[in-house]
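Next come the chains, spelled out residue by residue.
Protein chains: 2
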Amino acid sequence: MCGIFGYCNYNKPKTTCEILNVLGTGLKRLEYRGYDSAGMAVVVDGAYKTFKQTGKVQVLVDHVEKECKSFAKSPPYTNHVGVAHTRWATHGEPSERNSHPIPSQDNEFFVVHNGIINNWKSLKEILQKHGYVFNSETDTECISQLILFIYRKGSARGIRMSFTDLVNEAVHRLDGAFAFLVVSKNYPNEIVAARRGSPLLVGVAGPSIFQMDCIGVDVQCKEPKISIETPVGTPKLATGTSELSRSVSRVFVHGADQPEKSLEIYFSSDQTPIIEYTNKILTLEDGDLAHVSEKGLEIIRSVPGGESSRPLEEITGELGDIMKGSYPHFMLKEIHEQKDTIMNTMRGRVNFEKNNVMLGGVASYLGQIRRSTKLIFIACGTSYYACLHMRGLFEELTGIPTVTEVASDFNDRLPPISRTDCCVFVSQSGETADSLISLKYVQDCGAITIGVTNVVGSSISKRTDCGIHINAGPEIGVASTKAYTSQSVALAMLAVQIGQDNSCNEERRKEVIQDMLKLSEGIASVLKDEPGLKKLSEDVLKYQKSIILLGRGYQLATCLEGALKIKEISYIHSEGIGAGELKHGPLALVEEHLCIIMILTDPEGGKSNNAYQQVRTRGGNPIVICTEKTAPLLGDSFKVIVPEVNRSLQGIINVVVLQLLAYHTATSLGFDVDKPRNLAKSVTVE
Amino acid sequence: MCGIFGYCNYNKPKTTCEILNVLGTGLKRLEYRGYDSAGMAVVVDGAYKTFKQTGKVQVLVDHVEKECKSFAKSPPYTNHVGVAHTRWATHGEPSERNSHPIPSQDNEFFVVHNGIINNWKSLKEILQKHGYVFNSETDTECISQLILFIYRKGSARGIRMSFTDLVNEAVHRLDGAFAFLVVSKNYPNEIVAARRGSPLLVGVAGPSIFQMDCIGVDVQCKEPKISIETPVGTPKLATGTSELSRSVSRVFVHGADQPEKSLEIYFSSDQTPIIEYTNKILTLEDGDLAHVSEKGLEIIRSVPGGESSRPLEEITGELGDIMKGSYPHFMLKEIHEQKDTIMNTMRGRVNFEKNNVMLGGVASYLGQIRRSTKLIFIACGTSYYACLHMRGLFEELTGIPTVTEVASDFNDRLPPISRTDCCVFVSQSGETADSLISLKYVQDCGAITIGVTNVVGSSISKRTDCGIHINAGPEIGVASTKAYTSQSVALAMLAVQIGQDNSCNEERRKEVIQDMLKLSEGIASVLKDEPGLKKLSEDVLKYQKSIILLGRGYQLATCLEGALKIKEISYIHSEGIGAGELKHGPLALVEEHLCIIMILTDPEGGKSNNAYQQVRTRGGNPIVICTEKTAPLLGDSFKVIVPEVNRSLQGIINVVVLQLLAYHTATSLGFDVDKPRNLAKSVTVE
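Chains A and B, in that order, give the protein sequences. Start counting the first sequence at 1; every next residue gets the next number (my numbering). Start counting the second sequence at 1; every next residue gets the next number (my numbering).
FYI, nobody ran anything at the bench for these hints, they're computed from the structure. Note that the structure is a prediction, hence the values are computed from the model and not measured. One should not assume that every hint holds.
Given that identical chains are not distinguished, each listed pair holds provided it fits within a single copy or across any two copies.
Here are the simulated SDA-like cross-link-like pairs (lysine to any residue), alpha carbons at most 25 angstroms apart as the crow flies [as the list claims (entries may be wrong)]:
1) 374 to 417
2) 675 to 614
3) 542 to 618
4) 629 to 53
5) 545 to 591
6) 542 to 596
7) 374 to 396
8) 261 to 162
9) 528 to 672
10) 675 to 591
11) 121 to 197
Whole structure, please, built from the sequences with the hints as guidance.
In structure tokens:
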């Protein structure tokens, strides 16, 4: 997840410093979306000049403030387009070189981008064969270079394409989920935005055109509604590298007949930076291109379909609220995001047609990993439970003995580690102190190390031999939710990839991969049940002093993680217990008033059902998380029914139920779930 | 632990059936001490005949009842001595051959024995070289054979030794902790009892001699006080296998001048079988020999020292109470027994002079175990925590990667196991269903298996390749206490023994071995603090809804086990949490009203102290288990101070604090701790 921001002023004189200031303020609002490096580009002496800094946005803003002095005497621009970006690294570590805006060769085009280009490697290869030199490790660079390539090929044939046609051409060669802005000295005072899968909004401010003092945009504006024009012809240019682009529809936001009136346009990943300038926004849809020039804003659909008109929306509300979207807390927002974030984790890595997985970050170490005598997963807290969650799948698909270690306990013991061991470090922040100490130790022992983090450029991602970026986007809620599900999916992919050399497991791998495709829908289905889960939290759970969560097999980790969530934000003493251990002691606790949540989603879960019967026999009346298939076995217990997937992945759906229960229990008790007492987001001390 | 029982009648005619009935009733009372096989010996046609059955005492009693028919017409014996035994196997599986009374060659001497003879193997070898044929796998057989050997050597030299001199000779060749009874056709109507380390009582019934209707024994009896006579000379017989016996003092319980009066004498491992016949008992001391003949009872001290007189004690109370000794519950009795049971676990296995360990049961597999690529411990409940407890010591001393597995979870996953793995199964009963399933699986995979159980002849001890008997004696309380400490010691010994081929660890092994010697005293010291712990339980713990136990390193397992104890018997929701994981979530629970018990006994426990500070900072006020060394760092917290030992063994002392807290919390809440709700002693279903 990154934040992109663009600012266009027409017939509205602004000095370079003023423009840089607008861009910097915009980035600060977007900073929660990523904060490892930032950059912006404005026109200096007729060409775009970039300002980039690693670290938080403030570092960039401070830097720009100093630079501003040299522009202090420059005259203001009547018309200008600037772009900016705050980064959450996915490809390439945080550095100036990898910071956006990413230039094409010869600085002809600049791109700020949020999302992932799946086919960036192949595009990069093709372009490199055509002599293009890449300077960054980002996937973004293939966009700016591709646009330059198409532009030059057109020019060579004597075609002067419009900026939108040009970008449209490029977009049709891109595979992935993205939103980006492009500017170029070749198209002065123009900007093109493209959206497919990542959010992008346009804010429109221009009282002289839109009579913004009037209330109804529909009535007062000359072109108040956006209407779709007939398609424009297909492009002439054939690159030979991809299919040709398809039909294009145009949408005008205002008449081109009033160029003399002032207009300001803002592009942003969300509403937060726009709200202070205008409350009129337009949300771009997947497949949209937006083009802004002195003539105004036009929306072009690069794919068929979509509504034929789009009202400008009027936004209201506090800034902080808006940053969370329609959610009262980041945690709830992140719970809901999971249906998308797990797809982001898989995007470009899982081939659902060929049923295989390709994690670029570990590919070159696969041989060594497969020859390991042991896989040792080392992590803390929620990340540890993600490891425990996928332990069985690694054992099954790789045939390599697999151990999970809590980092602090590992460090207390410093057990024997050999050069033939492969150690996997899982950490959302990539900065967990205990895990870093373990990492140092196993590296001194000569083990291969894999990092699984949500922060590219974090200490763990830098210091491990190879790794996976879980690509869940920044997690703001202290209680981890989307990181857990993305870590679980990332580890499942790793298990499949390591096991891909074993043809015996082919069917099993196929099952797992095909069910990965069902996860997003499964999570969405749980989210639909939120009102019922909220009611259960408010009617039952909030009154408990203790909650016991019971599950076994893959669901043991789910119970432990669910119990941790409840502990963290509702401060109710909850404990996850393996259902197989029940009769070795914990069963003594069971009586009719004890609150028990059981997970019974395994269709072959005979042993789990034993535990259910034991609990019932002892007067317990558990809340049961089950599937349509297992529900009929469970008498009159209160049931939460979830969609069934392969049992190795079922926990990714089940845990969302527990996240929602924890969330609504805590909020109904009046606690601030985003900032639970005593806890910090990432634990950088031992 | 076994139960021994003897019955002598003089001038008191009894039929064979009556005698067998007394012996059977006695065994039933002692059955809690062992119940895998039983036997008795009475005189039939001038020589001792044995009756033996594997299984519970009732099996033997039923068998004897049938046999009785053949003696129905035999005349009663005026004088007779019979012995009986109920067994808890330690050497050799439960079988008729290994059941006591154990005969010498030619059935000349019969011994019933409770305890362990450490030097049985060397005695057996010497005697075998002299042509003696051994028929059982017991250590006991070396006693009966040694007595025969000395008897025959004396006879060969024309010496007719008294029965006491003979047994005294033998006792001085024995190394170990024991109590035994000997009878012989060569000494008709005589019996000698010897005690060193194992309990043995004598009950005296004889109204005509002792005027039992009188209250004060001191006043009314002719020889009311037992007084010690001058030493008798040293024995003439030199066997060349051991030092000569030392001074002997004689104690007479009654005058030898009243042979015509009737007398009944009972020998027993505890009071329970005696109470129904007489309330006059005498507790034998270590070093005592007791001899009974038609002349009466005499007590002979085979070592110098001891009181010069011994009053007969008068016992009172209900039978059930007496079986528990002075304890209201078996659990408390077993908690207190631990200072002895851990010594029993080590007896004959740890050489504290040479600092080495010799576990006979695994010796022949040591080479294979040392070449293992992994040690995998598989267990359930408390036994699992004992494995977790000693994991670090195995890693440190053996250098072999060590994994612990909860059996039910292991069975759910069935992870990769290879022929080079060594799997250790720990189970008190040796019958835990989940562990047996795991055992079958790993054997199919070809792994070597070690069993660590408290029941010789149990399924795990039979089916594993080799093993350790923890020798804690039968555990009656459902909540395991002495088994946990003995399992921990047994595993510590195993770790030392496996590591003995590595000279680098010599110093470390020595430290561990030397501190094993301090454990009994350490536990005794905790037991002395019982009143304080009881008060803490009654004043604080019994009112809690939740109790959190925090510890790390070796103390993590202690916390988990302590929490399980509290759960099992007090039904309070308690949870053990690794102190290193605190800041990854559970810290949110901490506030001033949360009941927290922390273990901070590690003198180098800087990280544990961090956790203590975190808890204090968040308003928590933990009860702290600490040592004299760590106490000063812990401000004004409520402290339980325990003796310090090597940190790998410290948990064995610390856990006793938690056992006592759990016990007193539960009893102050009015719960039956010996039979906690919903639980069974050994879990023989999945």
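I want to check one pair: residue 629 and residue 53. Are their C-alpha atoms no more than 25 angstroms apart within a copy, between two copies, both, or neither? neither (54 angstroms within a copy, 52 angstroms between copies)
Could you place residue 675 and residue 591 in one of the four classes (within, between, both, neither) given a Cα distance threshold of 25 angstroms? Answer is between: at 16 angstroms across copies they meet the 25 angstroms cutoff, but 34 angstroms inside does not.
For the identical chains here, do residue 374 and residue 396 meet the 25 angstroms Cα criterion within one copy, between copies, both, or neither? For residue 374 and residue 396, the Cα distance is within 25 angstroms both inside one copy (13 angstroms) and across copies (19 angstroms).
Taking 25 angstroms as the upper bound on the Cα-Cα distance, should residue 675 and residue 614 be classified as within, between, both, or neither? between (38 angstroms within a copy, 17 angstroms between copies)
Which holds for residue 374 with residue 417 at a C-alpha limit of 25 angstroms: within a copy, between copies, both or neither? Both, since 9 angstroms and 11 angstroms are each at most 25 angstroms.
Residue 261 and residue 162: within-copy, between-copy, both or neither at 25 angstroms Cα: So residue 261 and residue 162 pass the 25 angstroms test inside one copy only (23 angstroms; across, 130 angstroms).
Under a CA distance limit of 25 angstroms, which applies to residue 542 and residue 596: within one copy, between copies, both, or neither? For residue 542 and residue 596, both the intra-copy (13 angstroms) and inter-copy (22 angstroms) Cα distances are at most 25 angstroms.
For residue 545 vs residue 591, is the C-alpha pair at or below 25 angstroms within one copy, between two copies, both, or neither? both (14 angstroms within a copy, 14 angstroms between copies)
Measure nothing new, just compare the shortest in-copy and cross-copy C-alpha distances for residue 528 and residue 672 to 25 angstroms and report within, between, both or neither. within (23 angstroms within a copy, 47 angstroms between copies)
Give the relationship of residue 542 and residue 618 under a CA distance limit of 25 angstroms: within one copy only, between copies only, both, or neither. both (24 angstroms within a copy, 23 angstroms between copies)
Identical-chain pair category, residue 121 with residue 197, by Cα at 25 angstroms: within (20 angstroms within a copy, 78 angstroms between copies)
When held up to the earlier numbered hints, the structure conflicts with hint 4 and nothing else.
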